[in-house]
Amino acid sequence: MAVALFYGLVPLLVVAISWVVIRRDYGRRSSRKVR
Amino acid sequence: MFAAGVIGSFVLYLVIGAVVGRKVKDRSDFYVAGRKAPTLLVAGTLVASFLSTVSFMGEVGFSYDGFPAVMLIVTALNISGYVLGVLFFGRYLRRSEALTVPEFFGRRFDSKVVQSVAGVMVVLGIGLYLVAVTQGLSLVVAQLLGWPVWVTVVVVWLAYSAFTLMSGSQGILVNDTVMFFVFMLAGVVGMGWVIGKAGGPVEAVTKMAALKSKPDALSWHGVSGDGAYMGSPGEVLVWAVTIGIVWMGVVAISPWQSSRYLMAKDEHVCLRSGFVAMASVGLLYVFLMFGAFAINLFNPNVEPSEVAFIWAAQNVLPPALGVLAVTGIVAAGLSSAAAFLALIGFSAAHDVFAWRRQPSGKQAGRDESGPDEADALRFSRLVMLAGGVVVLGLTLWSPPAVLEIGYFAATLFAASWGPAAIWGIRSARLTARGALSGMVAGFVGVAVLNGLTTFGGIELPVWADPALVGFALSIGGTVVGNLGAQPSPRAVAFRESILETPDRERSAVQLSRTRLAMLGTVAVFAVTLVGLVLLYGLPFGDAVTAGGGL
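These protein sequence lines map, in sequence, to chains U and V.
Heads up: the first sequence at position 5 corresponds to 5 in our numbering, and the numbers run straight through without jumps.
Heads up: the second sequence at position 156 corresponds to 191 in our numbering, and the numbers run straight through without jumps.
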């Protein structure tokens, strides 16, 4: 069961974090520089 | 029938190479497919260059031996490298409009020496990897077709060299995507059939949990008892997490992965391709790993375990599906081989002797038309052919050491290039001297440690994987090399230029399409999570309780 949860949740967590960065860097109201 | 499938697929890839090759007019077409590739092609080539016979034979064999859940722990980490890699490295690479990854390093650090050294690493490291992949592929095809190994080596080499030389990255993009679909179908449908024939997921899990010859194989630490060659449960877990992180670095940084973003139409294509690649490999591995262990329910004594999927293709699957499975395994190997040969050729022609030429790149005024460009394209093809001939010679004359060499070469780049790649973008203070000393320290560290463990009989603790130690050496080398050095104004200006998100990338339409790719990936992993809990976690827990184990 632990492996099932790990295999599903780790990628979901990575996707969630990456979306925050993408919205920050590519959204219209974001600052111009990607840091 | 198997021979017809494999040879038929070779002919198809050659025809695609010949047709696409007619559109190659300059180095931009040849090296980076004109930077026009859409998401499907970039994602296809990302996955196809990553998966090879190592996945469909080595890892399938490992899972068949009794470690399917352990392989899933490794995979959850390494597929995360797709999305993290594009965010921390890939999109900046695309923004730089370099032709090769070593050229990116050369321009970031304003140093032709850095470009040349990175180019030499590509030629040596990927050259070795190509030898290993060609050997592995030839052994599979020789076994399937009954040909002598040396004949198969030549045929396999001709197959991937011909279309790569004709069409460069343009043909590789199309062929890789075709191969991506072939091996995805082979893995998902082929292994799905194996599990179905074993009674469906729940019944198969119950039967696998009760296998006396490989007890506890479905647990997080893998098989226990005589077959537990990976050590204690704690050692297995440390190994899985270590290797998962190392391969996350390979997926994020290695030239055969990150260079794919150079072909993308824009940065959103890079981002979407990262999501699609992550979801595709994530889905494939669930089928591949559980299917591989389920082969035990039909025959627990396949020797060597690396041919477990091929055995299933010939003995469990219906003939048509068996041919698809075998063609898929060959496709996975061929696609990696083609990508490697192309990278060797590109770096040998463009990077190794960079210090003898003027600055290149659009921003440095590269002229991508006219007679000089035609000469440069011809030169690139000749150098690629020469590199290919050397690889063919080495493959024919060196003893097979497929997994050892392959693993060494793959992890080499994560360790030696990782700090320079990520650090070079995050910090303006990293200089050419720091980057160069870090790259060399990491490269030499991994090479020496791998040599000692593989050929010198030395055993390192499970947490001290050569790639991790090499990574630490690379960081140390970077810090020491950077002491007292000042970045050049051109290097600082280049970094500033790639940090700025271009206005054309700030489109609401583009962002909403990227959101779709992100949501699709969320859906894939949400369904995978529920599926794994219902079809593996709960039935396995019930079987363990009923059996009184664990």
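Quick caveat, the hints were computed from the structure, so don't treat them as lab data.
Any given hint could turn out to be false.
Derived list of chain V stretches under chain U, where covered just means 3 residues or more per stretch with a C-beta under 8 Å from a C-beta of chain U [to be verified]:
id: 1; region: 540 to 548
id: 2; region: 558 to 564
id: 3; region: 571 to 577
Using C-beta positions, here's what the derived DEER-type ranges look like [claimed, not checked]:
id: 4; chain 1: V; residue 1: V237; chain 2: U; residue 2: L12; range: 23 to 29 Å
id: 5; chain 1: U; residue 1: R28; chain 2: V; residue 2: S462; range: 37 to 43 Å
id: 6; chain 1: V; residue 1: G269; chain 2: U; residue 2: L12; range: 25 to 31 Å
id: 7; chain 1: V; residue 1: L569; chain 2: U; residue 2: I17; range: 24 to 30 Å
id: 8; chain 1: U; residue 1: R28; chain 2: V; residue 2: E270; range: 24 to 30 Å
id: 9; chain 1: V; residue 1: V148; chain 2: U; residue 2: L12; range: 40 to 46 Å
id: 10; chain 1: V; residue 1: L569; chain 2: U; residue 2: R28; range: 40 to 46 Å
id: 11; chain 1: V; residue 1: E531; chain 2: U; residue 2: R28; range: 19 to 25 Å
id: 12; chain 1: V; residue 1: V579; chain 2: U; residue 2: I17; range: 16 to 22 Å
id: 13; chain 1: U; residue 1: L12; chain 2: V; residue 2: E408; range: 44 to 50 Å
id: 14; chain 1: V; residue 1: G519; chain 2: U; residue 2: L12; range: 43 to 49 Å
id: 15; chain 1: U; residue 1: I17; chain 2: V; residue 2: S523; range: 30 to 36 Å
id: 16; chain 1: V; residue 1: D410; chain 2: U; residue 2: I17; range: 28 to 34 Å
The C-beta atom is built at its ideal place from N, Cα and C for all residues, glycine as well.
Right, here's what the structure says about each hint:
1. 540 to 548: holds (count 5)
2. 558 to 564: holds (count 4)
3. 571 to 577: This one holds; 5 residues, not fewer than the three required, reach chain U with a Cβ under 8 Å.
4. V:V237 / U:L12: 23 to 29 Å: holds, 24 Å
5. U:R28 / V:S462: 37 to 43 Å: violated, 28 Å
6. V:G269 / U:L12: 25 to 31 Å: With a Cβ separation near 27 Å, G269 (chain V) and L12 (chain U) satisfy 25 to 31 Å, so the hint holds.
7. V:L569 / U:I17: 24 to 30 Å: holds, 27 Å
8. U:R28 / V:E270: 24 to 30 Å: violated, 50 Å
9. V:V148 / U:L12: 40 to 46 Å: Between V148 (chain V) and L12 (chain U), where Cβ atoms are some 43 Å apart, the hint holds.
10. V:L569 / U:R28: 40 to 46 Å: Holds: the Cβ-Cβ distance is about 41 Å, inside 40 to 46 Å.
11. V:E531 / U:R28: 19 to 25 Å: holds, 22 Å
12. V:V579 / U:I17: 16 to 22 Å: violated, 34 Å
13. U:L12 / V:E408: 44 to 50 Å: At roughly 46 Å between Cβ atoms, E408 (chain V) and L12 (chain U) fall inside 44 to 50 Å, so the hint holds.
14. V:G519 / U:L12: 43 to 49 Å: holds, 45 Å
15. U:I17 / V:S523: 30 to 36 Å: Hint holds: Cβ distance 34 Å, inside 30 to 36 Å.
16. V:D410 / U:I17: 28 to 34 Å: violated, 47 Å
In this structure, the earlier hints numbered 5, 8, 12, 16 are contradicted, and the remaining ones agree with it.
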